[in-house]
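From first to last, the protein sequence lines are chains H and Z. The first sequence begins at 372 in this note's numbering and counts up by one. The second sequence begins at 268 in this note's numbering and counts up by one.
Don't read these hints as lab results, they were simulated from the structure. Treat each hint with caution, since some may be false.
DSS-like mimics (lysine-lysine), calculated; alpha carbons at most 27 Å apart, straight line [as the list claims (entries may be wrong)]:
(1) K439(H) / K466(H)
(2) K309(Z) / K431(H)
(3) K309(Z) / K420(H)
(4) K466(H) / K324(Z)
(5) K427(H) / K439(H)
(6) K423(H) / K439(H)
(7) K466(H) / K309(Z)
(8) K345(Z) / K423(H)
(9) K420(H) / K466(H)
(10) K309(Z) / K439(H)
(11) K309(Z) / K350(Z)
(12) K431(H) / K420(H)
(13) K345(Z) / K420(H)
(14) K423(H) / K466(H)
(15) K309(Z) / K324(Z)
(16) K439(H) / K420(H)
(17) K427(H) / K309(Z)
(18) K427(H) / K466(H)
(19) K350(Z) / K423(H)
(20) K324(Z) / K350(Z)
(21) K345(Z) / K324(Z)
(22) K345(Z) / K309(Z)
Here are the in silico distance ranges between beta carbons for each label pair [stated by the list, open to error]:
(23) T343(Z) / G372(H): 23 to 33 Å
(24) D425(H) / P275(Z): 43 to 53 Å
(25) Y410(H) / Q308(Z): 28 to 38 Å
Chain Z residues, not near chain H, derived (Cβ > 12 Å throughout) [what the hints assert, rightly or not]:
(26) V271
(27) T272
(28) S276
(29) V279
(30) L351
(31) N367
(32) L380
Note that the structure is a prediction, hence the values are computed from the model and not measured. Even glycine gets a Cβ: it sits at the ideal position worked out from N, Cα and C.
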Amino acid sequence: GDSVTQMEGPVTLSEEAFLTINCTYTATGYPSLFWYVQYPGEGLQLLLKATKADDKGSNKGFEATYRKETTSFHLEKGSVQVSDSAVYFCALSVKETSGSRLTFGEGTQLTVNP
Amino acid sequence: EPEVTQTPSHQVTQMGQEVILRCVPISNHLYFYWYRQILGQKVEFLVSFYNNEISEKSEIFDDQFSVERPDGSNFTLKIRSTKLEDSAMYFCASSREHYNEQFFGPGTRLTVL
């Protein structure tokens, strides 16, 4: 079946540090890939997505590139802010085999200190 | 900005009791979903719902679970006879079209004692 694996957390960084959160996947078909973010007390929000190989999703300074050869979709940001503190979830969906359901990774707690 | 809302934020119940978790999806959305996250585990898909019917469900969504859209605004998840292992955070989501972005609610934490 489909699965997503994220790097183990939590991650603690100082403001303006570089962020990488690793995400790898296995899928039965051709997946679309997503990063969701959850701020304290709120629901999951779509941060960015990519639907085909070599696509780069970007939003709010975050980027992730769909790498089919390494089955990866790592999240990066060049300079994190305190306001980026949240839980980040990598996810996929495979339209052909599992419709619109999202398959999530474990989530990575990011804390950014001033 | 429109958002998905869920009530209650926390529900405590005794094993064997029925619970109903409520969600109000975004008003012009047509597809509705329930996910759950057991503490320390991944967010898992339970069910999707469109046009008053279940369109997809996971292995988790057995006969103990049911979903309903009782009126034009609410979307509910019912667990008939709760078990200890049903303790989890339950997230509702909605999307305007199939395969579109899913918008999530803040979740209901269910604790079964």
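Here is what the structure says about each hint:
1. Proximity of K439(H) to K466(H) is assessed by CA-CA distance (about 17 Å); at most 27 Å being required, the pair is judged to hold.
2. A hinted pair counts as satisfied when its Cα atoms are at most 27 Å apart, and K309(Z) with K431(H) qualifies at roughly 25 Å.
3. Distance check on the hinted pair: K309(Z) and K420(H) sit about 19 Å apart at the alpha-carbon level, within 27 Å; holds.
4. Between K466(H) and K324(Z) the CA atoms are separated by roughly 14 Å; this keeps the pair inside 27 Å, and the hint holds.
5. For a cut-off of 27 Å, the pair hint linking K427(H) to K439(H) stands: about 12 Å separates their Cα positions.
6. Distance hint between K423(H) and K439(H) is fulfilled; the C-alpha atoms sit about 8 Å from each other, no more than 27 Å.
7. For the given pair, K466(H) sits about 21 Å from K309(Z) by alpha-carbon distance, which is consistent with the 27 Å threshold.
8. At most 27 Å may separate the alpha-carbon atoms for a hinted pair to count; K345(Z) and K423(H) exceed this at roughly 37 Å.
9. Annotation: proposed proximity of K420(H) to K466(H) holds, straight-line Cα distance about 15 Å (limit 27 Å).
10. Of the pairs offered as hints, the one joining K309(Z) and K439(H) holds, with about 23 Å between alpha carbons and a cut-off of 27 Å not exceeded.
11. About 19 Å separates the Cα atoms of K309(Z) and K350(Z), which keeps this hinted pair within 27 Å; it holds.
12. About 13 Å separates the Cα atoms of K431(H) and K420(H), which keeps this hinted pair within 27 Å; it holds.
13. For the proposed pair K345(Z) and K420(H), the alpha carbon gap of about 32 Å is over 27 Å, so the pair is violated.
14. The suggested pairing of K423(H) with K466(H) holds, with an alpha-carbon distance near 13 Å, which does not exceed 27 Å.
15. With a CA separation close to 17 Å, the supplied pair K309(Z) and K324(Z) stays within the 27 Å bound.
16. Among the hinted pairs, K439(H) with K420(H) is consistent with the structure: their alpha-carbon atoms are about 14 Å apart, no more than 27 Å.
17. As the CA atoms of K427(H) and K309(Z) are separated by approximately 25 Å, the hinted pair is consistent with the 27 Å bound.
18. Between K427(H) and K466(H), the direct Cα distance comes to roughly 20 Å. Compliance with the 27 Å bound is thereby established for this hinted pair.
19. Taking the CA atoms of K350(Z) and K423(H), the gap is near 41 Å; set against the 27 Å cutoff, the hint is violated.
20. For the hint pairing K324(Z) with K350(Z), the CA-to-CA distance comes to about 20 Å; that is within 27 Å, so the pair holds.
21. Taking the CA atoms of K345(Z) and K324(Z), the gap is near 14 Å; set against the 27 Å cutoff, the hint holds.
22. For the suggested pair K345(Z) and K309(Z), the alpha carbons sit about 21 Å apart, so the restraint of at most 27 Å is met.
23. In this structure, T343(Z) and G372(H) meet the distance hint of 23 to 33 Å, their C-beta atoms being roughly 28 Å apart.
24. The given range of 43 to 53 Å is respected by D425(H) and P275(Z), whose C-beta atoms sit roughly 45 Å from each other.
25. Separated by about 20 Å at the C-beta atoms, Y410(H) and Q308(Z) break the suggested range of 28 to 38 Å.
26. Some Cβ of chain H comes within 12 Å of the Cβ of V271(Z); the nearest lies about 6 Å off, and the non-interface call is violated.
27. Against chain H, the non-interface label of T272(Z) is violated: not every CB pair exceeds 12 Å, the least being about 9 Å.
28. For S276(Z), the condition that its CB be more than 12 Å from all CB atoms of chain H is violated, with the nearest at approximately 9 Å.
29. The Cβ of V279(Z) lies farther than 12 Å from every Cβ of chain H, with a closest approach of about 19 Å, so its non-interface assignment holds.
30. Under the 12 Å C-beta cut-off, the non-interface status given to L351(Z) relative to chain H holds; the minimum distance is some 22 Å.
31. The Cβ of N367(Z) does not lie farther than 12 Å from every Cβ of chain H; its closest approach is about 8 Å, which violates its non-interface assignment.
32. No Cβ of chain H comes within 12 Å of the Cβ of L380(Z); the nearest lies about 24 Å off, and the non-interface call holds.
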